[in-house]
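Student: Listed below, chain by chain, are the residues.
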Amino acid sequence: MQDTLLEVKNLSVDYETDEATFYAVNDISFKLNEGETVGIVGETGAGKTTTALAIMRLLPARTGRITGGEILFKGEDLLKKPENEMRLVRGALISMIFQDPMTSLNPVMTVGKQIYESLEIHNLEHKSKQQLEERVDELLELVGIPARRKNEYPHQFSGGMKQRVVIAIALACEPKLLIADEPTTALDVTIQAQVLEMMHDLKKRFGTAMIMITHDLGVVAETCDNVAIMYAGELIETGRVEDIFEGTLHHPYTKGLFGSIPDLETSANRLHPIDGLMPDPADLPTGCRFHPRCSQCMEICKTTHPKRVSFNGHDIVCHLFTEGGAGK
Amino acid sequence: MLRFICKRILVIIPTLLGIIFIVFGIMALTPGDPAKVILGEKATPEAIEKLNKEMGLDKPFLVRYVNYVLDLLHGDMGNSYRSGREVSEEILTRLPTTIRLTIGAIVVAVCLGIPLGILSAVKQYSFFDIAGTMTAMMAASIPAFWLALLFILLFALKLGWLPSNGSESFRHYILPSLSLAIPTSASLLRLTRTQMLETIRQDYIRTARAKGQVERKITFRHALKNALLPVVTVVGMEFGFLLGGAVICEQVYSINGLGTLIINAIRMKDIPQVTGSALFLAFFFMLVMLLVDILYAYIDPRIRARYQTRSKK
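Top line first, the protein sequences correspond to chains A and B. Heads up: the first sequence is residues 129 to 456, going by the working numbering. Heads up: the second sequence is residues 235 to 547, going by the working numbering.
Treat each hint with caution, since some may be false.
[Unchecked claim] List of simulated lysine-lysine pairs, BS3-like, C-alpha gap at most 27 angstroms:
no., chain 1, residue 1, chain 2, residue 2
1, B, LYS293, B, LYS270
2, A, LYS137, A, LYS159
3, B, LYS451, A, LYS241
4, A, LYS430, A, LYS137
5, A, LYS435, A, LYS159
6, A, LYS304, A, LYS159
7, A, LYS255, B, LYS451
8, A, LYS137, A, LYS202
9, A, LYS304, A, LYS209
10, B, LYS503, B, LYS270
11, A, LYS304, A, LYS137
12, A, LYS208, B, LYS451
13, A, LYS257, B, LYS459
14, A, LYS208, A, LYS159
15, B, LYS503, B, LYS293
16, A, LYS208, B, LYS357
17, B, LYS451, A, LYS257
18, A, LYS137, A, LYS208
19, A, LYS331, A, LYS159
20, A, LYS241, B, LYS459
21, A, LYS241, A, LYS304
22, A, LYS209, B, LYS451
23, A, LYS257, A, LYS304
24, A, LYS304, A, LYS208
25, A, LYS331, A, LYS241
26, B, LYS451, A, LYS304
27, B, LYS276, B, LYS503
28, A, LYS304, A, LYS331
29, A, LYS332, A, LYS255
30, A, LYS209, B, LYS357
These aren't lab readings, by the way, just hints derived from the structure by calculation.
Let's have the full structure, built from the sequences with the hints guiding it.
Tutor: Right, dumping it as structure tokens:
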């Protein structure tokens with residue numbers, strides 16, 4: 129059994145605005161072992177990014193509020209850390225890759241400097257400027273960019289190259305945990321594969337654990353050990369990647385997600401998207417959050433929130449299942 | 235880059251021609267006869283006609299325009315009707331005063347407006363921010379000349395700290411510069427604040443935070459340079475406006491600058507002087523804007539790149 133690196137316990141996050149309170153993340157729990165990858169999958173607005181920002185403690189200062197729970201990183205609760213200590217965690221122990229490489233780099237600073245900055249902030253060993261510069265070159269080469277391009281500005285790079293720079297920044301201090309928030313969504317399909325492969329290699333090389341946030345099940349199948357399906361701020365199904373992709377027991381939402389993917393082998397005239405939209409996080413439905421869209425909705429679903437049912441580490445939160453086996 | 239600058243300088247020429255045309259047109263359309271003004275009310279019609287002929291004012295508008303431009307090419311802006319001295323000389327003797335006043339005002343405005351704007355943005359919704367933006371709103375709506383009068387009342391008459399008129403020493407410039415600077419600094423504050431708030435929300439600021447960077451460095455190293463771009467343009471434009479806009483302030487403080495010169499020239503229908511001064515101000519304004527563009531390229535590598543690729547073609 130490997131050591132637990134990150135444990136999120138009953139985390140809840142709200143966004144408060146003058147008009148309403150948005151319940152973005154509601155009582156979620158998951159564990160991540162060292163060196164493993166967990167995929168958080170869900171539609172846009174499910175609370176995936178919010179979860180990531182909560183772990184980094186980078187929620188928008190004025191509106192985002194963590195209302196409960198613990199985020200244990202190597203046994204220490206990150207939520208209890210003062211800001212100056214949290215700053216030493218960010219970038220050094222936990223780093224994050226953001227969704228849109230086009231906007232995540234400072235346009236008026238050379239890419240070399242932006243990588244250098246990360247090294248400089250966490251330069252605990254008091255390395256010389258020279259040594260840090262060498263490390264910048266090394267990192268650029270590592271992500272497949274010639275080191276001589278370090279004095280160029282972000283606008284001189286393509287989207288895929290920019291994302292490589294962002295990855296270099298994130299990996300600069302060899303963090304224990306890398307949070308990748310839809311790292312390939314903004315890229316072309318061919319570039320996506322390249323970047324994913326590179327991330328996978330680097331992750332193995334450094335033994336970094338990873339949270340892969342995505343809505344792309346293909347990415348999950350390729351990169352993850354564990355999967356958590358997120359819906360309306362809740363984790364409705366969690367398990368090993370085999371459980372989710374090959375198992376027969378599934379939350380109706382998960383089935384819907386897979387039903388939305390075209391299959392070449394069976395001839396279907398149309399895709400089977402899930403009807404309806406994600407509920408408004410300011411006005412979540414009672415009972416099971418998914419019931420208004422669920423094809424197998426029962427009376428109890430409308431009033432009572434389902435309990436987590438576990439099948440050998442494969443957890444499903446749905447009234448269709450009871451402890452020890454599938455109900456109906 | 236060099237090629238870009240040359241191109242920009244070339245563009246100045248047609249613009250100046252246009253400005254001369256407009257000023258000439260306005261002067262031709264306004265009532266009043268320069269010869270009559272010079273000779274006084276009691277002059278005989280014959281004398282007036284003679285003087286007009288001497289000054290070439292009997293010729294058609296377009297001929298006068300072309301003559302003026304041709305003279306200008308030889309560096310001759312004509313002589314002032316009022317003083318008889320060369321227009322360029324009149325301008326150059328007064329220029330330092332106005333430049334000192336304007337630079338003083340713009341320096342004060344920048345030193346007040348930009349830092350306070352940054353502070354307001356960083357401490358958004360704090361007491362300081364609310365007080366700052368409210369004061370700025372008031373300051374921006376105060377006309378400079380009214381402020382100038384109030385300053386004279388308070389600092390010169392009541393307290394006797396500073397002189398109320400003239401331009402002999404540094405102390406003479408304090409009140410006029412301040413009264414020009416305050417409305418300008420208010421608008422700079424508001425602009426800087428908005429730009430900073432906009433920049434702080436950008437993804438790359440979040441990237442910097444995710445690196446573990448301290449807020450102070452995020453503000454100054456990452457946000458400021460990006461937020462300052464539009465501010466630089468506005469500072470340049472304000473500088474131009476102040477050069478021309480110092481007119482009223484110069485009047486209030488009895489400073490013998492370019493503004494006073496133009497006002498008097500317009501009153502006397504001193505056509506060469508008015509045209510020359512307007513031309514000069516326009517030229518100066520365009521130089522400042524060129525400087526702003528160069529500064530822009532210096533700050534933003536994307537703009538620099540655009541100039542470079544364009545000049546390669």
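Student: Quick one, are A/LYS137 and A/LYS208 close enough, alpha carbons at most 27 angstroms?
Tutor: 14 angstroms, holds
Student: Would you check the hint for A/LYS209 and B/LYS357, treating anything up to 27 angstroms between C-alpha atoms as holding?
Tutor: Judged against 27 angstroms, a Cα distance of about 23 angstroms means the pair holds.
Student: Does the alpha-carbon distance linking A/LYS304 and A/LYS137 stay inside the 27 angstroms limit?
Tutor: Status holds; Cα separation ~19 angstroms.
Student: Take a quick look at whether B/LYS451 and A/LYS257 sit within 27 angstroms of each other, Cα to Cα.
Tutor: 19 angstroms, holds
Student: Given the hint that A/LYS209 pairs with B/LYS451, does the C-alpha gap stay at or below 27 angstroms?
Tutor: With a Cα-Cα distance of about 21 angstroms, the restraint between A/LYS209 and B/LYS451 holds, given a limit of 27 angstroms.
Student: Holds or violated: A/LYS208 with B/LYS451, Cα cutoff 27 angstroms?
Tutor: With Cα atoms ~24 angstroms apart, A/LYS208 and B/LYS451 stay inside 27 angstroms; holds.
Student: Are the Cα atoms of A/LYS241 and B/LYS459 separated by 27 angstroms or less?
Tutor: 15 angstroms, holds
Student: So if I understand the rule, the pair passes when the alpha-carbon distance is 27 angstroms or less; does A/LYS257 with A/LYS304 pass?
Tutor: Status holds; Cα separation ~24 angstroms.
Student: CA of B/LYS451 to CA of A/LYS304, is that 27 angstroms or under?
Tutor: Roughly 25 angstroms between the alpha carbons, so the hint for B/LYS451 and A/LYS304 holds.
Student: Are the Cα positions of A/LYS304 and A/LYS331 separated by 27 angstroms at most?
Tutor: 10 angstroms, holds
Student: So if I understand the rule, the pair passes when the alpha-carbon distance is 27 angstroms or less; does A/LYS332 with A/LYS255 pass?
Tutor: 26 angstroms, holds
Student: Within 27 angstroms, alpha carbon to alpha carbon, are A/LYS430 and A/LYS137?
Tutor: Satisfied, since the Cα-Cα distance of roughly 26 angstroms is no more than 27 angstroms.
Figure legend: structure checked against the earlier numbered hints; every hint is met.
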